Structure formats: C-alpha cells, structure tokens
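Asks: In case you want the letters, here they are:
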Amino acid sequence: MRGGRLRDALVLAALALYAAPFFWQALTSVRPDAELLPLASLLPGRLTAVHYEVVLAKSLMPRALLNSLGVALISTALAVGLGALAGYALVRLPVPGRGPILLAMIAATAFPQIATVSPLYLLMRTLGLRDTWLALILANASFALPLVIWLLGGFIREIPRALEEAAATDGADRIATLYWVILPLVAPGAASAALLAFLFSWNEFLFAYSFTATEASRTVPVALALFPGVFEVPWGDIAAASLLASLPPVLIVVGFQRYLVRGLLAGALRE
Amino acid sequence: MASPRCDTSSRRSAADVADRRLGWLLLAPALLLLGGLTVYPAIWVIWLSLQYRVPVFGIARWAGAAHYAFLTVDSRFWNAAGVTALFTVASVALESILGLAMALALRGQQRGRRVAVALLLLAWALPSVVTAKMFEWLYHPSGGLVNFLLGGRAVNWLGDPALALPSLVLADVWRTTPFVALLCYARLLTIPAELYEAAEVDGAAGVQAFARITWPLVRPILLVALLFRTLDALRAFDIMFVLTGGGPAGSTETLTVYAYRALFQTLQIGFGSAIGVVVFVLVMLVAWAYLRLINRQEAAA
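Chains as they are written, first to last, in my numbering: chain A, 6 to 276; chain B, 36 to 336.
Any given hint might turn out to be false.
[Unchecked claim] One-sided and incomplete, this derived list gives chain B residues near chain A with beta-carbon spacing under 8 Å:
#1 Leu62
#2 Phe105
#3 Leu155
#4 Ala221
#5 Leu223
#6 Leu224
#7 Ile226
#8 Phe245
#9 Gly280
#10 Leu302
#11 Ile304
#12 Gly311
[To be verified] Listed next, the stretches of chain A that the computed footprint assigns to chain B, with coverage defined by at least 3 CB atoms under 8 Å from CB atoms of chain B:
#13 12–22
#14 113–120
#15 131–137
#16 158–167
Simulated from the structure, these hints should not be mistaken for lab results.
On a predicted model such as this, the values are computed, not experimentally measured, just so you know.
Every residue gets a Cβ at the ideal spot worked out from N, C-alpha and C, and that includes glycine.
Work out the full structure: start from the sequences and follow the hints.
Replies: Shown next, in the form of structure tokens:
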C-alpha cells in the first residue's frame, strides 16, 4: 500500500514537471523585468503585478478577451444548436441519403483550414464582413459543426427508442418529444460537444488572423501573436497576457474535466 | 410501437412523409452553413488555384495548371514539403511513444487521478499561440530556462537552422502528446485485470504480459490516435508561424506557412490556393490510407 502511495506521488510529480512550461510562464508573469534578462536564478527575488497592470490597462488584451469570449460563446451556441437538430435528424428520422451525409461529415472534420482560408477571406470581403465578429462566428461554427453533429448524433443514438415511443403514445409529436425527452437526456453530451467547440473557437488562430484587421474583432490569440514591443520584447507582459489567454482552457480542464474527456474520447472513436 | 398494427398503409406513409420532411427541416440550417462555408470554399479553392489572382495589381486571369507546373520545379515548395514530412513523422513518432508511456504510468494511479488528468490535459487545451509564446521564451538565448538549466549556455535554439526544427518538434510534442496518452489510458482502463492474472499463472509478467495482452489491445486505439495526430501535424500552422515564422532560412517553413505567406503576404491568391489544395489532397490521401489500415486490422481481429 505504501509503495502504491509513493508510486502515485511520483507519477503526479512527473506530470507536474511535464506541465512545467506553463508554470514557468506563470512565474515569468510575476517576475520583475530586471530579473528576466539575463536569467540569473530560478526563483525571483521579489514578485510584481506590474505586467498584469500593463496588459490590463495599456494593451489591447481586454478588448481581445471580450472579442474572444463573445465569438467563442456565440459560435459554440450556433454549432451546438444546429448540431443537435441535425444530429437528431440523421440518427432518428428517415432522411434519404443520410449515409453519404454522415460520411461527408467525417471527411469535413479532416479539412485543412489553410485550404479554405483564401475563398473564405474573399467571401467575407464580398459580404462586407471583414473585421467583424460575425465573420469569425460563421467560420468557427461551420468548422466545429461536423464534429458536433457527429458527437451529438452518437449520444442521441444511445438514448433508448422506447422512451420516444412512450412519449408518442402519450400523444407527443416529434418536436415535443425532441424538446421534452431527447434534449434533457442528451444535455451532458451536448456539454461535451460545447466544450470542444468552445475550445476550438477560443484557440483558433488562422481564420482570426486573416479576417480581422483592428481591435474591433481581434481575438486573444491574434492579439498575443501581435503583442507589441517598442524596443525590446516585453517578455513579462507577454507571459501575463498568455496567462489571461489560458484562463478558460485551464478552467475547463480543471472544472469540466469529465465532460471534456467524454467528448474527446467519443470524438476520436468515430468509426 | 404500442399503437395498433391495423394502421392503414396510407396513414402510415403519411407519417413517414411528415418525418422525412421534418428531417430535412432539422438538417437544413446545418447543411446550409456547411454548404456555404465548408463545401463551397473547398470547391472554390480549386477554381482559385487555376488562376492568376493578385488583387493589388488588379490581375485576375486564367492560369490553368501553371501554378501546379511551377510547384514541381519550385525549390521552396520542395523544401516546405520536406519540412512538413519531417515535422509530421518526427512529432507523431515521439508523441506515440511518449503518449503510450504516459498512459502506462497513469494506469495504476489510485489517488489524485483528477489532478493527474488535469496536469496532462493542460498542455493540450492551451491555445497553440500561447504554447508558441511559452516555448519562444523557454528557448530564449539569455533569458530562457532551457539554457539556464544547461548551465548558462547561450544556444540560439530558434535561430540556428540545425536546431530550429527539432526545437519546434519538441514544442509540438509537448502540446499534443496528452491527446495520445488520454486515448491509450482510456483503453488501458477497460482491460480486465483477470487477463493479467491469467497470464501470470501462465508465467507471463512484465514485458511478456505487455507483449501478449496490453499491446494487441492498445494497438488499434493507438492507430486511431496516430491518424488524428498525423492529420493535425500535416495541417499545423499556428505553432510554427508564431514560434519561428518558418525561419531561420526556411528551415521550419511548412507547406501551410508557405501557403499563408503566398496568400496574405505576397498576395498571390491563385498560387497560395494551389499550395492549399496540395495540403488538402495530402491530408485526404493520408486519411484514406489510415482508414484502410484500420479497417484491415479490424477485419483481421
């Protein structure tokens, strides 16, 4: 038993070491500039909040955080809403050609963004959507949608048909059944799909970098990639900005781990 | 169904037609979005790749296969293709070995499983731009932790053409190994302990048990993980674009970075699209090859 406890502690220590690059960035974000270059000791002599003050008061980060949050939340809602309806139709209703549609969904999850970024850019320009939230919402939602449909279709398939049939004999029509029977049962699965869609949108870089031009729509990854340095790179400020950009993913990994893991496993086991 | 079987066929088919109509109605919004923003662009990009399009100079004319013909003799393209192949093979190989090892270490974990999985998934969940910025700082010649731990050396990890690609691969491996580890770990948890007990009775333990029980059961899921990781590595863009920008001297310029540069920095929409199409075809071919391999394994099992 003691050996087991020691072994557990060793594995945890090894994993903490694995995550060290992140903790190092956290330490950098509270280290005074004078102790950054050159690096003289592992632990800082004193801690400072100045990098966070700079990032929150004098950079584009706050606006970028707002843009990212808005874009990610709306595109997630759009993807999960449309995905739930489509997933239900594909596994429960006699839609002609659903086999090919499902196959196309799997193929679409493998599409490289770099191939569709140029036509999408031209499309957004034509529609006058450059540098707007809407461009990113549409692009992110459509990119996440195939995986969401696949996940939700799979979760809906696991719900026993008998429940729907019971509702039908009680006089509920399809829509009522979908709302009162399917939706509550598929909610945990929808949470998994939503977390993955949210993470995709929050982390997405290529579309955001290509379709945005000003702080009106620049998301966190873009703001971080373009983080300004006047004469030298402000490593402490960048570290602070990185930490802020990492908040939602960290929250998800710590707080919603079960749903995240379930979604990841279900998404990988599409056959 | 509990309803009586004596439904007239006309009523039955009326319900069927209604269901079918409802099905299309529920599918329509998703298909519309996917049609407009995924399928249409995927076809349009092929059309774009057959044209000269340089908007700043007002150039827009038919090119035919000229871009593709040029790519066959373009040394920058072949360099990028080589970098992409090396990056993909190296990172996927390292990820699968490390990921499997991590899963095996995690399997026996009794206490702190949630913390362990959180520490593991952290690297995977971070935005890749954050990871790129983190590693850029870790690799910094005078302020970076890596050189400090090596005893105060001043190695220019990202500035040396010989070191930049391995450094980039390492950053990507850090980011993506947790995905492989999680899939393998989930599979390992489903292997019943009795199998190992039975093997032990037969005198098989340790390496032998691994070879006889663990490996055959984990291999299929590892193959699936490799499929996803290979596709992601071929499509990867953020990490090299932000960490090295494709440099130094093109030593980390992948096909995706070259395509981006052509599209948005030299503004050759047609030529850049042609490189994008090449990535597209490459990804689809690899996916098809993997799926065949997975199907064959399943058939054999």
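Asks: According to a criterion of three or more residues whose C-beta lies within less than 8 Å of a C-beta of chain B, is the segment 131–137 of chain A covered?
Replies: violated (count 0)
Asks: Restraint: B/Leu155 near chain A, CB-CB cut 8 Å. Satisfied or not?
Replies: holds (6 Å)
Asks: Identify whether the interface hint at B/Leu224 stands, where standing means a beta carbon of chain A within less than 8 Å of its own.
Replies: Given a least distance of 11 Å, the restraint on B/Leu224 is violated.
Asks: Tell me if B/Phe245 is really an interface residue toward chain A, meaning its C-beta lies closer than 8 Å to one of theirs.
Replies: violated (17 Å)
Asks: Would the hint on B/Ala221 stand, with a C-beta cut-off of 8 Å toward chain A?
Replies: holds (5 Å)
Asks: Using Cβ atoms only, decide whether B/Gly311 comes closer than 8 Å to chain A, and label the hint accordingly.
Replies: holds (4 Å)
Asks: Would you settle whether the hint for B/Ile226 is holds or violated, based on the nearest Cβ-Cβ distance to chain A being less than 8 Å?
Replies: violated (15 Å)
Asks: Can B/Leu223 be said to touch chain A, with a Cβ gap under 8 Å?
Replies: violated (13 Å)
Asks: Okay, the segment 158–167 of chain A and chain B, do three or more residues pass the C-beta test at under 8 Å?
Replies: Result for this restraint: violated, n = 0.
Asks: Hint B/Leu302 vs chain A: min CB-CB distance below 8 Å?
Replies: violated (11 Å)
Asks: The hint names B/Phe105 as touching chain A; please verify it with the least Cβ-Cβ distance against 8 Å.
Replies: Since chain A brings no Cβ nearer than about 17 Å to B/Phe105, farther than 8 Å, the hint is violated.
Asks: Go check the segment 12–22 of chain A versus chain B for me, would you? Three or more residues, Cβ under 8 Å, otherwise it fails.
Replies: Holds: 7 residues of the segment 12–22 of chain A have a Cβ under 8 Å from chain B.
Violated hints for the displayed structure, listed by number in ascending order: 2, 5, 6, 7, 8, 9, 10, 15, 16.
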